[in-house]
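Using the hints, position chain B against chain A.
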Amino acid sequence: MLPLSPFAKPLSRRFVPAVALVLLAGCAAPIPSGISDPHEAQNRAVHRGNIALDRNVVRPAAMAYGRTVPWPVRTGIGNFASNLALPGAVINSLLQLRPGDAAQNTTRFLVNSTIGLGGLLDPATRMGAARIDTDFGETLHVWGVAEGSYMELPLLGPSTGRDALGTVVDLVLSPTARLPNTEQREGAGGVAVLSGLGTRYERSNLIDSLLYESADSYAQTRQTYLENRRFNLRRGAEPDYFDPYEDPYEDPTAQ
Amino acid sequence: MRTPLPNDPARRALLACALATGATLALSGAALALTGAEASRLIDQVVGDINRVINSGRSEAQMLPEFERIFARYADVPIIARSALGVAARSASAAQMRAFSEAFQGYISRKYGRRLREFIGGELIVREVRPVRDFYEVRTTAALRGQAPFEVVFLVSDRSGRNLFFNIFIEGVNMLATERTEIGALLDQRRGNLDALIADLRRMG
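Protein chains in written order, with the numbering used here: chain A, 209 to 463; chain B, 890 to 1094.
Everything labelled a hint here was simulated from the structure, so no lab data went into it. The beta-carbon is built from N, C-alpha and C at its ideal position, and this holds for glycine as well. It is possible that some hints are incorrect.
[Said to hold, decoys possible] Beta-carbon label-pair distances, calculated as ranges: (1) ALA260(A) / ARG1003(B): 22 to 30 Å; (2) SER357(A) / THR1030(B): 31 to 39 Å; (3) SER241(A) / SER945(B): 36 to 44 Å.
For reference, chain A alone in the conformation it holds in the complex (with noise of 0.2 Å):
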């Protein structure tokens, strides 16, 4: 028995959120296999209005981008959008209880932000801290929170309840969204626009192939991203292989 006295209850009021976060992080959610899509009708016409969106204005828009603003200066923005993310990456790693990441983000936003000329140039991948992603999705992951059902949202595209729980969490405590003014403000969501838009094109081979050349782009759409971010989530440990020569006919997405 802990002899009663009077510290006894601040400390404890003081220790148990800490004590409570380095339980949650004992239990990460389950990464699950199946796909869990029970609003597919809801998600399947959020899905027309993004290809719509797409084809008409994302598109077109990054393929401009693409081919008028030269290599250099789009991967000068694009590494300046990543160095303004850092900080909340770091508060993510923290929160995940993972000291080490959040050590190697913040040496990278220091090097980039300094040496790198305020982010413009990546020195730090060089100098061995490259960037390590992570989000609040992730963060809700190591608390133990399940992915919940398969989302598509309008615009910012495929997501999971969790994930989309995030996403909404990282917009507001985002430390960009907390800039003094107004224009800095608007300067940081121009530019995380302009990154968008390099990636698209960056990417456009991938994205089309996805987009506009799979049978069914919404399902292809819904596979590729549950892998990958579950992939991720795993961060490196063995998936539950699915083994064909044992059941050639079971779905290797309920692996």
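Relative to chain A, chain B alone:
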């Protein structure tokens, strides 16, 4: 702390556990005729052959049949085709399965061969080989020009009687599942008519 006595139950449990582990290791060793070194060598050969074709300076039309030869040589095409077709393979005749497998081989080679052009000037390095159940996982890193390095995993098995790969994962996205979705949708569009799908696959990809 106490030293376990010869008849101590804890000691017996420990011994049984050690024996079971040893037996399991011996059994898994026996079941795996294929070795990690062989699995790794197979992927090195695939990568080497692909690089030779990509850097040969030939046109795309000339390269695509070369990619089909590589795919047919190193991949277990019948099991990949059967898995992509899924339950529809159960009701297919042997002749239909042969025709489907052949059409699928050309379709896959054209589809993925076109994408392989992105690998010009890049390289794929085998990083790690691990046994999984009765096959091997070969983890490689792809370093392409102007892109952050990414992971490509090959699964290699000798269950067909030869050492062949039966699935590829690019950053977690795998060929078997992607093609199951794709072939399933194509078959639905043809109201489940397998012969119509086979005829169309010969031109697709």
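Against the structure, the hints come out as follows:
no.	hint	in the structure
1	ALA260(A) / ARG1003(B): 22 to 30 Å	holds (26 Å)
2	SER357(A) / THR1030(B): 31 to 39 Å	holds (33 Å)
3	SER241(A) / SER945(B): 36 to 44 Å	holds (40 Å)
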